[in-house]
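Chains as they are written, first to last, in the working numbering: chain G, 9 to 309; chain U, 7 to 329.
A few of these clues could be false.
What the hints assert, rightly or not - List time: in silico SDA-like cross-link candidates among lysine to any residue, alpha-carbon distance up to 20 angstroms:
1. U/Lys43 to G/Phe61
2. U/Lys43 to G/Thr207
3. G/Lys123 to U/Ile57
4. U/Lys43 to G/Thr203
5. G/Lys123 to U/Arg324
6. U/Lys43 to G/Gln209
7. G/Lys248 to U/Leu287
8. U/Lys43 to G/Ser121
9. U/Lys43 to G/Gln206
10. G/Lys123 to U/Gly54
11. G/Lys248 to G/Thr71
12. U/Lys43 to G/Gln211
13. G/Lys248 to G/Ile80
14. U/Lys43 to G/Ser197
15. G/Lys248 to G/Arg210
16. U/Lys43 to G/Ser124
17. U/Lys266 to U/Phe83
18. G/Lys123 to U/Val50
19. U/Lys43 to G/Lys248
20. G/Lys123 to U/Phe83
21. U/Lys43 to G/Leu198
22. G/Lys123 to U/Ala51
23. U/Lys43 to G/Ala202
24. G/Lys248 to G/Val58
25. G/Lys123 to U/Lys266
26. G/Lys248 to G/Arg160
27. U/Lys43 to G/Ala111
28. U/Lys266 to U/Ser88
29. G/Lys123 to U/Asn323
30. U/Lys43 to G/Arg210
31. U/Lys43 to G/Pro107
32. U/Lys43 to G/Arg160
33. U/Lys43 to G/Phe73
34. U/Lys43 to G/Thr71
35. U/Lys43 to G/Ala275
These are computed hints drawn from the structure, not numbers from a lab.
Since we're looking at a predicted model, the values are computed, not measured.
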Amino acid sequence: MAAVTAETPSATRPLTAAVHGDRSMTSLAFLVVLWLCLAFGILVLAVLIVNTFLEGRERIDTTLFTNYTSQITPETAGARAAILGSAWVIGTTALLAIPIGVAAAAYLEEFASRKSRFAHFVELNVQNLAAVPAIIYGMLAAAAVVAIGIPRNTVIAGGIALALLILPVVIVATREALRAVPQEIRQASLALGATPMQTLQRQTLPAAVPGIATGTILALSRAIGEAAPLLLLGGLVFVKFDPNGLLSGFTTMPIQIFDWASRSQAAFQQVAAAASILLLFLVIGLNGVAIVIRNRYTTLR
Amino acid sequence: MTTINAGAGPSTTSRGLRPSLQPPVSLRCSRPRRAEKLAYALLVAAAGVSILTTVGIVLSLVLPAIQFFREVSIVEFLTGTSWTPRFSDQAYGVLPLITGTLWTTAIALAVSIPIGLGAAIYLSEYAAPRTRTVFKPVLELLAGVPSVVYGLFAVAFVGPVVLNGWLGIEVQTFSVLAAGLVLGVMIIPTVASLAEDAMSAVPRALREASYGLGANRMRTVLLVVFPAAISGIAASIVLGLSRAVGETMIVAMAAGSQAKMVTDPLEGGQTMTGFIASAALGDSVQGSLQYNTLFAVGLTLFVITLVINLVSIRLVNRFREVY
């Protein structure tokens, strides 16, 4: 707008341009404020990463990976049990959440009729569960595994808690990915004689894989950093052994960090920061992978 | 043979299919597809998991909470101003925990609403597409940072360095203010993301009509786009509210563990989630009154967030319907 008025002779320029144009003081001030809002978020993120790195960099060494935690010698305490525990729990979470989430989304998106009361009720549940506090899932998982006779502080209990936590996220992401698959692909498949299930399995789902992968990776990266539900499983704080199965005891990176951070010695704070760097690295890496997948496939389509 | 049965009966797999996808009747499969029916049943079962989860949550909270309310009256629980389940002189008034949650949530929203909406307006109305593809994921990373890392940041940096040092605000080691501020940063992307979706969904025609009438960009944003997207923006705020109420690790690490009526944000206080976390780490015997307090507080938290969520779901569904 301003560019257009600048070309016209000054006699025809609207007199109010200085007050009401896009280059007026208030407009520019407004833009600066908006820009600062965005910059604030990014700045805090940068400060958080730099600060954590500065606090923990001296403890990023091999002992962090090979040693178990210790109550007496924080200088050599390591996160070995926590790293392996996180891997076990996240593996279990993925194996539970991805198939169930994708299947539920496929039902809601591809099979449920618009009038189905069951489908509507499921949708309402998914929407609500997405915003239920994480810690509540810990209470549910603890009660559920105890009810079927499994101890609370086991890998499977942790996996169940985190899988139920991220299930709504996986379902919503998968539904969006399925919705983005052109209807013609389904119609062509059905016209060639494929059953609806074959259409889903061989056409619709494969076409939706990039979207599903993006959503699932983001959901898992959230699960990796989540500690609250696992606190409810009890007895996870001081673990000095490698987890070796679904019924094994475990601790995870966030819980180990929480435990170290709550101790007063400075050396514990330092190793907590060092472990935080690992966790941040992992989460940022996963987010990066998810974004690359998303960008690559949205530009192709 | 079975062929006839299957041909005559309705095909289960296509029963719920949308009309546009319904194959013509004559093309119904001529042999039984057991695997197909099984697969369909599995999909329905997977969808049912979310219903089971809700039922499971309600049962696992309500049953121990009933035990708790047999010994403590609901009136005392909801109106008592002293929360000392672990002391010899036990009192079970949940209000101190609720004031803790109110303060951290209010501070968090005071940070995340203006900043989240500002960022959303910039990304939706001003940023070039390329800028958006770079900055949106970076901003969303704020929601991806693990909450224990935020907790550590609040205790080790925001409290002592930013508040005490740079700003000269005398906060205690554990303070509601530091926890609330960091919590607010964490939910900026929650607010920004949904608000941006809502504003991007406002039809271009509305903006162009506004430009045509001579309004500049700022007036168009504030007087046309923002009001048109208001229900989505409200939903983004309500969702942020629900996140702030339910977040655990930041408040457990940074707000302190002393349950008292919070009147000064510079002091520490315990929130509902903070209490659940610290009680879960404690050594109370399963089934005891002390242990059941956890579920009474958990149920209160669940009911509060449920109400908030239902409001937000209604708002989201409304803004999806408008355009």
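Comparing the hints with the structure gives:
1. U/Lys43 to G/Phe61: Judged against 20 angstroms, a Cα distance of about 54 angstroms means the pair is violated.
2. U/Lys43 to G/Thr207: holds, 14 angstroms
3. G/Lys123 to U/Ile57: holds, 18 angstroms
4. U/Lys43 to G/Thr203: Holds - the C-alpha atoms of G/Thr203 and U/Lys43 are around 11 angstroms apart, at most 20 angstroms.
5. G/Lys123 to U/Arg324: holds, 19 angstroms
6. U/Lys43 to G/Gln209: Given that 20 angstroms is the threshold and the Cα spacing comes to 14 angstroms, the pair holds.
7. G/Lys248 to U/Leu287: holds, 18 angstroms
8. U/Lys43 to G/Ser121: holds, 17 angstroms
9. U/Lys43 to G/Gln206: It holds: about 12 angstroms lies between the C-alpha atoms, which stays within 20 angstroms.
10. G/Lys123 to U/Gly54: holds, 17 angstroms
11. G/Lys248 to G/Thr71: holds, 14 angstroms
12. U/Lys43 to G/Gln211: Roughly 19 angstroms between the alpha carbons, so the hint for U/Lys43 and G/Gln211 holds.
13. G/Lys248 to G/Ile80: holds, 13 angstroms
14. U/Lys43 to G/Ser197: holds, 19 angstroms
15. G/Lys248 to G/Arg210: Violated - the C-alpha atoms of G/Arg210 and G/Lys248 are around 46 angstroms apart, more than 20 angstroms.
16. U/Lys43 to G/Ser124: holds, 18 angstroms
17. U/Lys266 to U/Phe83: holds, 14 angstroms
18. G/Lys123 to U/Val50: holds, 15 angstroms
19. U/Lys43 to G/Lys248: violated, 48 angstroms
20. G/Lys123 to U/Phe83: Roughly 43 angstroms separates the two Cα atoms, so the pair is violated.
21. U/Lys43 to G/Leu198: Given pair U/Lys43, G/Leu198 holds - Cα atoms ~17 angstroms apart, limit 20 angstroms.
22. G/Lys123 to U/Ala51: holds, 19 angstroms
23. U/Lys43 to G/Ala202: Holds - the C-alpha atoms of G/Ala202 and U/Lys43 are around 15 angstroms apart, at most 20 angstroms.
24. G/Lys248 to G/Val58: violated, 30 angstroms
25. G/Lys123 to U/Lys266: violated, 50 angstroms
26. G/Lys248 to G/Arg160: Holds, at roughly 18 angstroms.
27. U/Lys43 to G/Ala111: Between U/Lys43 and G/Ala111 the Cα gap is close to 14 angstroms, so the pair holds against 20 angstroms.
28. U/Lys266 to U/Ser88: The given pair, whose Cα atoms are some 7 angstroms apart, holds under the 20 angstroms limit.
29. G/Lys123 to U/Asn323: holds, 17 angstroms
30. U/Lys43 to G/Arg210: holds, 17 angstroms
31. U/Lys43 to G/Pro107: holds, 18 angstroms
32. U/Lys43 to G/Arg160: Given that 20 angstroms is the threshold and the Cα spacing comes to 36 angstroms, the pair is violated.
33. U/Lys43 to G/Phe73: violated, 48 angstroms
34. U/Lys43 to G/Thr71: Not OK: U/Lys43 and G/Thr71 at ~54 angstroms, beyond 20 angstroms, violated.
35. U/Lys43 to G/Ala275: violated, 59 angstroms
Against the hints set out earlier in the document, violations occur for numbers 1, 15, 19, 20, 24, 25, 32, 33, 34, 35.
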